[in-house]
Amino acid sequence: MIAAAWICLLAPLGATLVITLAGMRISGRTAGWIATTSTSVSFVAAVVAFAKLLSENPEDRSHLSTAWTWLGTDQYHFGLSILLDPLSVFMMLVVSGVGSLIVAYSIGYMDGENEERRYFAYMAFFVFSMLMLVQAGNLLLLLVGWGLVGLSSYLLIGFHQERPSAIAAAKKAFIMNAVGDATMALALFLLILHTGSLDFGSLIAISSSSSLVINLVALGLLGGAVTKSAQVPLHTWLPDAMEGPTPVSALIHAATMVTAGVYLIARTHNVFELAPNILDLAAGLGAVTLLIAGLIALVQTDIKRVIAYSTMSQIGYMFVGVGVGAYSNGMYHLLTHAFFKALLFLAAGLLIHALAGEQDMRKMGGMRVLMPRTYWLFFVGGLALVGIPPFAGFFSKDPILAAALAHGTFGAILWVAGVVGTFLTGLYTFRMLFMVFWGEPSAYAREHHHVGPGTWSREGPLVMFVPVVVLGVLSVVGGWIQVADFWTPVSNFLEVSAPPLVTASGTQEAISSIFAVAFGLVGIGVAWAIYGARRAEVPSAPGVQSALEHKLWFDWLYDRAFYRPSVWLARALYRWFEQPVILGSLREIAAGAKESGSLVSRLQTGLLRVYALAVASGLAVLVVVFISVR
Amino acid sequence: MGNVVVWIVWIGAAFGCIASGVAVVSFRNPFYSALALIGNLGSLAVLYLLLSAEFVAAAQVLVYAGAVMVMFLFVIAYLGGEADAPFVGRHGWQTVGAIIAAAAIFVEIIVAVGESSLSHPAKIDASFGSPAEIGRLFLTDHLLAFEVTSIVLLAAAVGGVVLGHHSRRFDAGT
Amino acid sequence: MLGPDITWYLAISAILFSIGVLGVLLRRSPLIVLLSLEIMLNGGNLALIAFSRQTGEGTGQVFAIAVMAVAASEVVVGLGLIVAMSRRRLPLDVDRLRSLRG
Chain X
0 MIAAAWICLL
10 APLGATLVIT
20 LAGMRISGRT
30 AGWIATTSTS
40 VSFVAAVVAF
50 AKLLSENPED
60 RSHLSTAWTW
70 LGTDQYHFGL
80 SILLDPLSVF
90 MMLVVSGVGS
100 LIVAYSIGYM
110 DGENEERRYF
120 AYMAFFVFSM
130 LMLVQAGNLL
140 LLLVGWGLVG
150 LSSYLLIGFH
160 QERPSAIAAA
170 KKAFIMNAVG
180 DATMALALFL
190 LILHTGSLDF
200 GSLIAISSSS
210 SLVINLVALG
220 LLGGAVTKSA
230 QVPLHTWLPD
240 AMEGPTPVSA
250 LIHAATMVTA
260 GVYLIARTHN
270 VFELAPNILD
280 LAAGLGAVTL
290 LIAGLIALVQ
300 TDIKRVIAYS
310 TMSQIGYMFV
320 GVGVGAYSNG
330 MYHLLTHAFF
340 KALLFLAAGL
350 LIHALAGEQD
360 MRKMGGMRVL
370 MPRTYWLFFV
380 GGLALVGIPP
390 FAGFFSKDPI
400 LAAALAHGTF
410 GAILWVAGVV
420 GTFLTGLYTF
430 RMLFMVFWGE
440 PSAYAREHHH
450 VGPGTWSREG
460 PLVMFVPVVV
470 LGVLSVVGGW
480 IQVADFWTPV
490 SNFLEVSAPP
500 LVTASGTQEA
510 ISSIFAVAFG
520 LVGIGVAWAI
530 YGARRAEVPS
540 APGVQSALEH
550 KLWFDWLYDR
560 AFYRPSVWLA
570 RALYRWFEQP
580 VILGSLREIA
590 AGAKESGSLV
600 SRLQTGLLRV
610 YALAVASGLA
620 VLVVVFISVR
Chain R
0 MGNVVVWIVW
10 IGAAFGCIAS
20 GVAVVSFRNP
30 FYSALALIGN
40 LGSLAVLYLL
50 LSAEFVAAAQ
60 VLVYAGAVMV
70 MFLFVIAYLG
80 GEADAPFVGR
90 HGWQTVGAII
100 AAAAIFVEII
110 VAVGESSLSH
120 PAKIDASFGS
130 PAEIGRLFLT
140 DHLLAFEVTS
150 IVLLAAAVGG
160 VVLGHHSRRF
170 DAGT
Chain B
0 MLGPDITWYL
10 AISAILFSIG
20 VLGVLLRRSP
30 LIVLLSLEIM
40 LNGGNLALIA
50 FSRQTGEGTG
60 QVFAIAVMAV
70 AASEVVVGLG
80 LIVAMSRRRL
90 PLDVDRLRSL
100 RG
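Residue numbers (numbering that gives the first Met the number 0), protein chains in the order written: chain X, 0 to 629; chain R, 0 to 173; chain B, 0 to 101.
With the rest of the complex left out, here is chain X:
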């Protein structure tokens, strides 16, 4: 079982190395299959580990395996260790499973790009990093995984290096994540200072420190989680990250990396429980994010950005879930979200691939006629996202709302936000669906719709279609493994690692479900009225519209507050310090060397008599020396 865990972690790394070392000797498709195989091996290993874990008693389900001591000093001791427990196995299954499907899909999507090998090397590396993050046995290794997924994200967002917008988006993502990494690092510094180790036990040992320290640690960890999961206020990088190829958006910015924040809070729940204010802050930020993201999604015209804001919003739900202490509910929503969000992204990818790269929804329309199978898959994903039974989202979103309701007054506020959120979710999701798929096929669609040779059902190559279908099936049945209070194998499984703080009563569950589904249906109805049947107009509110189109001025604010001063400072330093002092001193040294060289060369007069004089003078001096020594 431990071996399975190590294989799961290292297989994708092996694929990265193989693809990198093979270089130009293998074709892009081969690289793709190597990557897919490795992630599939990971998935199989994760399943094996999961099965073995199930065969044990719940209390024993925590195994720490250390490969070797990574950093060892007198005071501190860090091993290269992985932790195998229900929480990590759960994430391993999600990452490797959904990852394999998406990497397989990429083989078809990226076909024809001339840099496919690099892409698959990066993807395999990302899977490895994410697995390291979830399997880390101590906080240091978790931070390493955290940083590496940030790196992979940067590399993959900026994959199309020739596009300046992609490069800028990659930089933005990386720099913003660096802020989160910094707060996390500070939290870890405090932990080491006060407990002397970064094992997960230190999260419990920190309870002996002052409450200020505990709150700071929790706040630092929250900062990292908020940034990585693109919650307000550190969310502005996620929409820009859509510059990357669609499978990247699906894997990294929907299913796995952005959910790392949720995982982090669940994993480090001990310290958060010691700082309940921070936990409330997490839930609050989640609620704010889910509303804001839902609102902004209403005015987006790029199909991928709608799905991106949707991701932000759903992760807000997850934050609400873990913020009120319902860790397993939050994780369960992570699972189902991975299914239907990846499904939506990949289906959007089928559209984009068939329309030769077009992502603007206004140019699409009536795709239901041209790509019926894609339409049905998209439809399934949309229903799952809104949380309509019996699709997956229903079973995972509503327990979160119920848990919020069980959390007291603050929780009730969160509940209201969550319910309003379902209305927005229905609205923007089906706005997207109706705009793209209903109506008459647009002129653009007719012109550009093409599918290459070897496609199946005229909509896309088989290697792209199969993963999407699998995800579609999962979006339907994936929710059926846990039904509220009646049958909770997932929660039971995860509760060993992260016991919940609240338990919702049956009434609360029922109320939450009814309201959530109702509001969701209302949202769908409104969307149908405006975009589907064209019976109503979008209400005119230019102020609101402008605010939403400017993404509530967050980007503008950050630009003025951080970016411009930094650029100004950088330029000023360059002009006033670097040029004169550093470059100048180098120039001076070089000039000085030249000067002294030319001074010395003046001795070489070429005159025989001067040389002879030098010899004679030297002789005179030497004789004096000899005489005096004697």
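Chain B is faced by these chain X residues, among others (derived, beta-carbon under 10 angstroms):
{"no.": "1", "residue": "603"}
{"no.": "2", "residue": "605"}
{"no.": "3", "residue": "607"}
{"no.": "4", "residue": "608"}
{"no.": "5", "residue": "611"}
{"no.": "6", "residue": "612"}
{"no.": "7", "residue": "618"}
Derived CB-CB ranges, DEER-like:
{"no.": "8", "chain 1": "X", "residue 1": "605", "chain 2": "R", "residue 2": "31", "range": "23 to 31 angstroms"}
{"no.": "9", "chain 1": "R", "residue 1": "106", "chain 2": "X", "residue 2": "613", "range": "15 to 23 angstroms"}
{"no.": "10", "chain 1": "R", "residue 1": "31", "chain 2": "X", "residue 2": "592", "range": "50 to 58 angstroms"}
{"no.": "11", "chain 1": "X", "residue 1": "582", "chain 2": "R", "residue 2": "110", "range": "54 to 62 angstroms"}
{"no.": "12", "chain 1": "B", "residue 1": "89", "chain 2": "R", "residue 2": "152", "range": "26 to 34 angstroms"}
Keep in mind that the hints were calculated from the coordinates and are not lab data.
Note that CB positions come from ideal geometry on N, CA and C, so glycine has one too.
For this one, chain X is given, so just place chains R and B on it according to the hints.
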């Protein structure tokens, strides 16, 4: 009586040495300088005789004054040649430096010599400085010096041939 | 021994050597430089002979003969150089021959 004669001869020879030395350095015409050098060599031979080095004195006159200086005179005659006027014109720092250096060397040697006790020369027998004695030394104690010197002479001979080689490229119409 | 002490001979040798040094440093014609060089060598020879007499060994005289041979060789090469210089129409002036200037 003998001592007085030796002293007179010594003074004469010493005076001739120094005078001719100064003359070599001072004349404008290299021909006169070469002739002065011959005089110098002769005076030195006398001094060698006073020091009981008969063979060396003979060799000096025969080889040095006889062969080497004759070669010198041939070349000077061939080249014509008037040299520069040595003691006129501006005396730059080189001149000053040269005089100082030479004076320093002279003073130092005198100091060094004066400090040591050289008042009792060794007793010598009649064979000191004779050709037989020199020959014996050359072929036994200082054989290596003998052989090396002959190699140097060989090198010089080869060098002379090479330098004197008429190369059509470099001759400007000779 | 009869006559002056060795020290007097050494004094002459020192004078000759210094005169030679002056000649080498002050004259511009290579011929005169060579001649001055000869004077220096002879000064050295005189010192060798004087010391040979002082110690009673013939080594100094042997060395003096070797010096003479070497001086002869050096004069051969030097004069050959000067003749070659004049054949190439180079000025016979050490101050003007400065192409080794760095």
